[in-house]
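First to last, the protein sequences are chains X and R.
For the first sequence, this note's numbering assigns the number 1 to the initial residue and increments by one for each residue that follows.
For the second sequence, this note's numbering assigns the number 1001 to the initial residue and increments by one for each residue that follows.
Calculated directly from the structure, the hints in this document are not laboratory data.
Misleading hints may appear alongside valid ones.
[Claimed, not checked] When the alpha-carbon atoms are kept at most 20 angstroms apart in a straight line, the in silico PhoX-like pairs for lysine-lysine are as follows:
#1 R:K1168 to X:K133
#2 R:K1016 to R:K1004
#3 X:K133 to X:K119
#4 X:K54 to R:K1016
#5 X:K119 to X:K54
#6 R:K1063 to X:K13
#7 X:K50 to X:K8
#8 R:K1016 to X:K50
#9 X:K77 to X:K119
#10 X:K8 to R:K1063
[Said to hold, decoys possible] Over 12 angstroms on every C-beta distance to chain X, these chain R residues come out as not near it, computed from the model:
#11 K1016
#12 F1049
#13 F1074
#14 I1077
#15 D1098
#16 K1123
#17 L1127
#18 T1141
#19 F1167
#20 I1188
#21 N1198
[Stated by the list, open to error] So the derived list for chain R, only partly shown, Cβ under 10 angstroms to chain X, looks like this:
#22 T1035
#23 P1072
#24 E1197
All C-beta atoms in this analysis are idealised placements derived from N, C-alpha and C, irrespective of residue type, glycine included.
Given next are the chains, with one letter for each unit.
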Amino acid sequence: MTVKQFFKSQAFKCIIVLLVIALVAGGLLAILNDVLYVTEEERTMRAIEKVYGKEMNYQEKEYSSDQLVNDYGTLSKVYLLENGNYLVQATGGEGYKGGTITVWVVLTARDGAFGGIEKVVLESYEKQTLMSKLTYDVYSAHNDEITGDVYFTTGGDGIKVLISGATYSANALNNAVDCALQFAREVLFATEPEEVA
Amino acid sequence: MTGKRFKTIAFDGLLKNNPTLRLVLGTCPTLALSTAAFNGIGMGLAVTFILICSNVLISLLRKTIPNAVRIPAFVIIIATFVTIVRMLLDKFIPSLYDSMGVYLPLIVVNCIILGRAESFASKNKVLDSACDGLFTGLGFTAALTLIGAVREILGAGAIFGYTLWDFKIEFFTSSAGAFFVYGLAIAIFNAVYTKIENVRRSKTFALRIMPKPDVSAPDNLDPEASEQAQADSAAQTAKEVK
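Work out the full structure, taking the sequences as your base and the hints as a guide.
Next up, the structure:
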């Protein structure tokens, strides 16, 4: 096949048609992506609305990656809200099929010290097929004034939050809340040890 | 487009070729997103929008797209509209965007959309294709909403998020419950549809083979007797057809 024949062939027409369709579609999506882009501030405001049902001013707090990872999971965002509480996004592992659950946790401050958990709201999850069992009551079970060095657990010592039939998902949820709890105790509201004279 | 053609397309999309209850297409989102009626409406309307847009564009380009590359071309077009719907939902209805999760991008490979593009839009005029997209989408939306409503009422004791009572059967919120309700919906829909279709066919058949009344005969001058004879003949034919 000569070059001239190729340009007149059906194969060349196919290539051109597909190329034009792909280019037009790509261009259209690029423009729309610019117009409909959801900013990080907008996403944060949505999270605050999800938790409080209204918009609220906030300040983003920066921490090192070592401080954001602990025994129970990983924290991805920490915000100080205008009412003095902290809103953190925590992900807990060891769920069903090794999946995760990510929640927003509101940590309350009382006289500069850690007061407890005000609210837990689901953000997203991975591989958890029985999430419908995690009802509003299950998230509310974590809202408490927490005193002492206790954590949430599906069994053994600690504050027991167990969901019959969805033990692994309950485990991931407890880990996510415990992750926020440990961060509050060891980083957010940690008191500096007094220097010995 | 004639009125008769419009009626045929509407009847096909909504009932005769209902994608969910007659053709059993789009099963994956039907089972996964029918936990609540609102999710069903959201998914159904998203698919309807994509169906109309892709059908119109594919119909417009049907003489330009070479036959050899029609499937990849259709997939690019459908994927473009799915991405636009994703962007719109994420921007304006984030709660629905979150609840639809992974099933929203999976609309790209939804067999209803690709099926209508391949079997209808690539062979018909733009207006016909738009109507086909609209009514097929509405048929899908109605089926999803119906299944979602049943599952929400029985599984959560609520409808469209409003609590009706405390009575709940958790089985209906599970995957097994989805299969159960879906199967029942298909069975009931097809039983009713087949019955109606049989009656319609027997009536049409009876009218076709019914002998014309002999107006010259003195007995047939009596209108009451003539009507009785016609009714008897139709009933006899219907019996034979059955």
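Against the structure, the hints:
1. R:K1168 to X:K133: holds, 12 angstroms
2. R:K1016 to R:K1004: holds, 15 angstroms
3. X:K133 to X:K119: Satisfied, since the Cα-Cα distance of roughly 18 angstroms is no more than 20 angstroms.
4. X:K54 to R:K1016: Given that 20 angstroms is the threshold and the Cα spacing comes to 47 angstroms, the pair is violated.
5. X:K119 to X:K54: holds, 14 angstroms
6. R:K1063 to X:K13: Given that 20 angstroms is the threshold and the Cα spacing comes to 12 angstroms, the pair holds.
7. X:K50 to X:K8: violated, 59 angstroms
8. R:K1016 to X:K50: violated, 43 angstroms
9. X:K77 to X:K119: Holds - the C-alpha atoms of K119 of chain X and K77 of chain X are around 16 angstroms apart, at most 20 angstroms.
10. X:K8 to R:K1063: holds, 18 angstroms
11. K1016: It holds; K1016 of chain R is separated from chain X by about 32 angstroms at its closest Cβ, greater than 12 angstroms.
12. F1049: holds, 14 angstroms
13. F1074: F1074 of chain R is in fact no farther than 12 angstroms from some Cβ atom of chain X, at 10 angstroms.
14. I1077: Given that some Cβ of chain X is not farther than 12 angstroms from that of I1077 of chain R, nearest at about 7 angstroms, it is violated.
15. D1098: violated, 8 angstroms
16. K1123: holds, 18 angstroms
17. L1127: holds, 22 angstroms
18. T1141: holds, 23 angstroms
19. F1167: holds, 15 angstroms
20. I1188: Its Cβ never comes within 12 angstroms of chain X, the nearest being 25 angstroms, so this holds.
21. N1198: holds, 41 angstroms
22. T1035: holds, 7 angstroms
23. P1072: holds, 6 angstroms
24. E1197: violated, 38 angstroms
Of the numbered hints stated above, those contradicted by the structure are hints 4, 7, 8, 13, 14, 15 and 24, listed in ascending order.
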